[in-house]
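For the protein sequence lines, the chains are A, B and C, in the order given. Note that our numbering numbers the first sequence so that position 292 is 1214, with each residue one more than the last. Note that our numbering numbers the second sequence so that position 16 is 70, with each residue one more than the last. Note that our numbering numbers the third sequence so that position 5 is 6, with each residue one more than the last.
Hints are not guaranteed to be accurate.
[Stated by the list, open to error] The calculated lysine-lysine pairs, modelled on DSS-like cross-linking and capped at a C-alpha distance of 27 angstroms, are:
id : chain 1 : residue 1 : chain 2 : residue 2
1  : C       : K119      : A       : K1140
2  : A       : K1294     : A       : K1340
3  : A       : K1234     : C       : K140
4  : A       : K1001     : A       : K1125
5  : A       : K1313     : A       : K1294
6  : C       : K119      : A       : K1101
7  : A       : K1236     : C       : K119
The set of hints was computed from the structure by calculation and includes no laboratory data. This structure is a prediction, so every number in the text was calculated from the model and none was measured.
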Amino acid sequence: MKGRKTFLGVAVSLFLALVLTAPPVHAGGTLKVGVVTFLSGAAAGPFGVPAKNAAELVVDALNNNMVPEPYNTPGIGGKKIEMVLIDEAGSATQQVTEFRNLVQKKGVDVVIGYISSGHCLAIAPVAEELKALTILFDCGTPRIFEEASYKYVFRTGPTATIDSVGAARYIVDLKPDLKSVSGINQDYAWGHDSWNDFISALKVLKPDVEVKNELFPKLFKGQYGAEISSLLVNPADFIHSSFWGGDMEAFVLQGSARGLFDEQTAILTTGETAMFRLDIPEGTVLGARGPFGVYAPKSKLNDWFRSNYIEKYKTPPTYPSYKMAQAFFGLKTAYEKAMKSSKNPTKEDIIKAFEYLEFVSPAGKVKMALGKGHQALQESVYGQFTKAGGKPSVKNVKRYPPECVSPPDGVKSLDWIKGGMKGAKCD
Amino acid sequence: MRRKDRTYPILVGLFLLFSGAVFFTPRWFSFLLTVAVARSLVVLGVVLLMRAGLVSFGQGFFYCIGGYVAGFSSNAFGVTDAGAVVILAALGAVVAGAIVGLLLCNYRDIFFAMLTLALSMILYSVIVKNPALGGSDGFNVPPPTILGISPEAVDPRVSLPLFTFAVAFLLYALAHRYFLSGFGYAGLALRMNEIRLEYLSLSARALVFLKYILAGVLASVGGALIAYISGHVDPELAYWTTSGEFVFIALLGGTGHVLAPLAGGVVFEVIRSYAFDLAPSLWQMVLGVILLLMIIFMPEGLWSLTERFLERKRDEAAP
Amino acid sequence: MREPLVILLDGLVYSSWLFIVSAGLTLIYGVMRILNMAHGSLYAVGAYTAASVVGWYFASGYDPTLSYLVFFTCAAGAGVLAGLIIERGILRVVYGRDEVLVLLVTYAVLLILEDVIKLIWGVDAYFAYQPYAALGRTKILGIPFANYDLLLILLAAGTGALLWFGLNRTRQGKFLRAVIHDREVSEAMGINVTRLYTATFVIGSALAALGGAVTAPSLSVVPGIGVEVIVIAFAVVVTGGLGSIGGTLLGSLLIGLTRAAAVHLFPRGEVLVIFVIMAAVLAVRPEGIFARVKARKI
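Based on the sequences and whatever the hints tell you, model everything.
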């Protein structure tokens, strides 16, 4: 009997020790920001780490008041930013647990994160339940604000809709007499959605376009021999692909080695992430999921961001870096706007300031115009890869204004595209 | 001398302790506890099979079925009561288990392990391919009513953990009853020697079939509870690394007692939570090393600690 | 008439890759009764080693033709080293334990290796495309194929022949077959089983690493590539019959050809095809096509 009592005693004290170790502490002058991005797994290299780097750069620069106008004030509302970094790897359940830990155990004020659309979908209602201000920075699925509305959740990056509609518009502009197109996309939500949006938009613009191949290899398959043969047997004018990271790079390598891109032009909607690391065939259409990376318009803020990033990490910032920086600048603008009405803004004040906010980032102007003011709207930009100048760059760059590639607020993306993209303003 | 079985009172005590934790500990901790308890149900199923010498590397199959039953019940069919859904999830597991169990009951050892793995991967690919099932992103599951109590009336952050604990400890009690029954002991015999078991006029195949279904029911109920707790389901539930985690927890806890999976489950969540915090990019290695050390030095799992402890006490007490 | 032939060629290339990747897995199981879940991680070790070596080699500007020899050798060497450490350091502690328990040990090794790889090489992608592009391409039936891929078929055939020869025509191979048949009796006959085990595991690991090395030039080497391989290698090996080299060859061909056909004719069903084949084979022959008869022990 005594034995069991000691055992229980140990268990109870262990339990109490665990519970008591981590109450949230709040210093007066800091703003705790949780940053969630892939630090391991296949998405870490192309997305997670560039985003993490940008977060570190921006936080450091803001804290030391090194950012040029209009962000030349220290920290966020004068508060020092304290960053808590978490790995996005693992299942949605695990991410929900980690999110709760961030908010309830570590007491962060804001969470900025999530690259996977699945994680964004899972986190949004939890953020709402915990009343935790959350900024989604990269995930693309339009389902988040189209299927529900949230008070505490914002997304400062544009949806994937603009990528697909922009890609369709771009190739029609590039080759007005195009006859046929093939698609190779990963066999999961991102790949299916990207292809559906793209082909529906293309059919609105070119009703008689012929689809030669519609391939959906497994995610992370890595070996595309049979797919490339299939694309070669039934050639098309363009090959659309929303492959990302290692899969996209493997496809480009294997396709180039077999001359796939000699006669057919590839459209890589996430291709910008690879343009400085890989020999991409001349003329390949590259997307950056918005006006990011090489497509970012020239500005003092962009020059600062780009040169500092290159100096610190020895490689140019790609679109995930831009989107992460954009999230921080959005937060700073909203926070400081809220401070105009009260010195110590509450969450509600910040949310009110954030809704329908317009701010600038290294990628130009951002409008929180969709999803009742919670979803950012930006232009869509495409161009063609070229090494003509000796260095990798882009040519024939075309910018499509936000109203040209996104549905009006309250209309679902796919419905809008299939309905003929009514109300699109493209001039 | 046979020790008096105090499992039932302990279960009641633990239920009260855990329920108390919902009110008196921080939210993140009670959430972690709830997740651990719900997942430990799946582990209980793994242990049930392990006692019969079978390792399932594919409990994610049922875990996922349970999750999606919960998701679809509330999103598509308007069945929003957690009590009803748990029963539906169990039924779903019985049906699915009966179908695939017919194939699986012919296999043992590594083949059983690998085939269960393959099955869960098939389910994974089917869901990922199929936008009607939510595709790879999955979908959200709204908070349920619990035995008629709506989430507006009682905060689901309180009612859901209590419901989870109630279901889990009820199942634990039933499992304990089962372990002590003739059928339960037949599992141990199956592990020792299948042919001798058949000489006792018991069918090894029937036994495997039945145990597979029972383990499936536990996993499915666990999955349904997790769907409500995390508020989201996705095909990751059926991915083989998820199943691998359950096997890990089973080894961590041990197979010696019905409460071992619970101990393993709670310890695992705590380890993972801290490993994630302290070594955000090395947590897999931490888990791997622990698993390795457990297998080599403590093959009976953490539970063997209590056994050793009690044994020593008894030896001291003996004249 | 062109498409069936293209499918055949695509299928052969893919089958060759499958065979190279899964031969080591089946060898280790055949001899040691260990299903090595860390096989995929060893594959990743090989791929990363090859990628780093190729990167260094071409940056230094040595003769490109020799690069193949250099990176194959280095990757195989890394596989041998990793295999030795795993077998001598970890596996021998658990010999004689339950098959399934050993399976879990290799699962633990997999978890550890995944992070070790990350510690050594980080999470960024590695490229080693020079050897792949350097060989050029050949037009067959009007469709260009990469010569590197076509050579893969020869390499797979060579590996298979070498394994067959080693097992069936050499003294050591005879010992191995004796151990496969009955470990205890062979030990009684004076065969040094411990050493054979080490040798087998090391060869199996080297094969896994070699699989990674030959793949590395055609893709970008990123975290997680090993985990993807393990599931498909299992499918091949289980379909063919665990532990049988011939079975693995047949399994590779079956899955490789069907998958290629699916990509061309029925792209949406491509992933499920593998599992359908596996389930169909197992429903008829529960232990795979080339299964050994096992004695029942009472």
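Results of checking the hints against the structure:
{"no.": "1", "hint": "C:K119 to A:K1140", "result": "holds, 24 angstroms"}
{"no.": "2", "hint": "A:K1294 to A:K1340", "result": "holds, 23 angstroms"}
{"no.": "3", "hint": "A:K1234 to C:K140", "result": "violated, 46 angstroms"}
{"no.": "4", "hint": "A:K1001 to A:K1125", "result": "violated, 51 angstroms"}
{"no.": "5", "hint": "A:K1313 to A:K1294", "result": "violated, 43 angstroms"}
{"no.": "6", "hint": "C:K119 to A:K1101", "result": "violated, 46 angstroms"}
{"no.": "7", "hint": "A:K1236 to C:K119", "result": "holds, 20 angstroms"}
Against the hints set out earlier in the document, violations occur for numbers 3, 4, 5, 6.
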